[in-house]
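Novice: Residues per chain are reported as follows:
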Amino acid sequence: MSVKSVSFQVKTSGKTDILDITNKVQNEVFASGIPDGTVTIFIPGSTAGVTTIEYESGVVNDLIKTIEKLAPAGIHYEHDSRWGDGNGYSHVRAALLGASLSVPFNKSDLKLGTWQQIVVLDFDNRPRSRNILIQIVGD
Amino acid sequence: MSVKSVSFQVKTSGKTDILDITNKVQNEVFASGIPDGTVTIFIPGSTAGVTTIEYESGVVNDLIKTIEKLAPAGIHYEHDSRWGDGNGYSHVRAALLGASLSVPFNKSDLKLGTWQQIVVLDFDNRPRSRNILIQIVGD
Amino acid sequence: MSVKSVSFQVKTSGKTDILDITNKVQNEVFASGIPDGTVTIFIPGSTAGVTTIEYESGVVNDLIKTIEKLAPAGIHYEHDSRWGDGNGYSHVRAALLGASLSVPFNKSDLKLGTWQQIVVLDFDNRPRSRNILIQIVGD
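Chains as they are written, first to last, in the numbering used here: chain L, 1 to 139; chain F, 1 to 139; chain G, 1 to 139.
Bear in mind the hints are in silico, worked out from the structure with no lab data behind them.
It is possible that some hints are incorrect.
Which copy is meant is left open, so a pair is good if it fits within one copy or across any two.
Mimicking EDC-like on lysine to aspartate or glutamate, the simulated pairs with C-alpha atoms at most 20 Å apart in a straight line are [as the list claims (entries may be wrong)]:
(1) 65 / 78
(2) 15 / 80
(3) 4 / 85
(4) 4 / 139
Since the model is a prediction, treat every value here as computed from it, not as a measurement.
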């Protein structure tokens with residue numbers, strides 16, 4: 001049984017930018033040499049999240065529009081009154097979507113569905129460079 | 001330390017069908033022979049999710065109604081314009097609810113609350129046979 | 001490779017009380033003596049959830065207001081008609097937010113972002129004493 005801790009950077013445009021990181025995660029699992037286990041994808045930050053979706057631009061836009069309705073950018077947030085960085089909505093969206101996802105793998109292959117990709121959602125109100133943590137636990 | 005990878009099928013009616021899979025997960029953990037660890041329940045697919053709820057029909061209906069409000073079936077989705085399968089809302093709901101859940105177990109017993117069940121939510125717009133992945137990591 | 005299963009209690013005021021449990025989780029990871037791995041925080045109960053957020057009162061209030069809009073307390077829930085405990089909205093909120101979070105650690109240090117805290121959200125309609133499960137798997 002082993003643990004491998006790796007990470008990689010992605011550049012985002014912010015403003016609910018949604019990026020497909022499936023290949024990067026798959027590459028790290030393969031490089032770990034661990035055949036079977038669970039990989040946890042974790043976002044260290046409070047204005048981004050992680051989930052899975054079919055990564056085609058139509059439904060990615062649909063998800064963005066839905067999130068915009070659930071926690072709109074244009075309403076009052078107490079966070080903005082206190083801190084002045086104008087990204088209260090980003091924090092709320094991140095807390096709703098969640099910072100961790102766990103995916104099983106076998107023979108170093110992620111057990112995703114055929115049309116299912118792992119995505120990072122950057123809700124901040126400006127471009128960011130994001131560090132994505134990949135924790136691989138298996139045997 | 002060991003990893004056991006199993007799966008089982010469930011038949012759903014789609015349209016936000018919510019199914020209690022607690023007993024099936026518990027049976028797999030028991031059958032693994034691993035006393036202590038974490039089980040990851042993962043949905044390989046982009047139109048279904050997993051969470052926990054008290055599995056009684058009243059609150060299951062309440063959850064369905066809330067999800068219908070958050071990502072309504074009857075509005076325009078770009079996904080549907082491009083792909084024509086009419087399940088854009090299913091993808092959005094699945095991305096919001098999430099594809100993974102991790103539950104601790106000890107003495108091969110899931111550490112759920114008394115009134116807490118593990119459920120699969122099938123958001124697709126037609127009946128499906130779903131493969132549910134159960135990844136057990138422990139010692 | 002080892003598994004350590006611990007838990008701690010928190011007292012909440014209910015009604016979407018949001019509590020920072022980061023230090024408690026960090027202390028348990030340190031006390032486990034396991035240097036590297038993944039810690040799963042799990043809420044055994046169907047009216048509470050777990051996520052991460054920047055724990056400052058402005059954005060915590062913003063999250064509470066958003067959740068109140070997504071699953072309002074003042075509308076009809078079937079659960080309440082059947083069970084009479086008036087917390088149907090609590091169950092729905094808990095199912096949406098989710099019961100598990102997985103966080104990587106290295107050198108016994110949680111790999112959270114600088115402004116990112118682990119929080120329990122108690123959605124029940126009365127004060128509760130909550131048992132929080134901490135499952136540490138690593139090497």
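Novice: Run every hint past the structure and note whether it holds.
Specialist: Each hint, compared with the structure:
Within a single copy, residue 65 and residue 78 get their C-alpha atoms only as close as 23 Å, which misses the 20 Å cut-off; across copies the closest is 10 Å, which meets it. With identical chains, the CA atoms of residue 15 and residue 80 are at most 20 Å apart within one copy only, with a shortest distance of 16 Å there and 24 Å across copies. For the identical chains of this complex, residue 4 and residue 85 are neighbours neither inside a copy (36 Å) nor across copies (40 Å), given an alpha-carbon limit of 20 Å. Taking the shortest Cα distances, residue 4 and residue 139 sit within 20 Å of each other both inside one copy (11 Å) and across copies (10 Å).
Violated hints amount to a single one, hint 3; each of the other numbered hints is respected by the structure.
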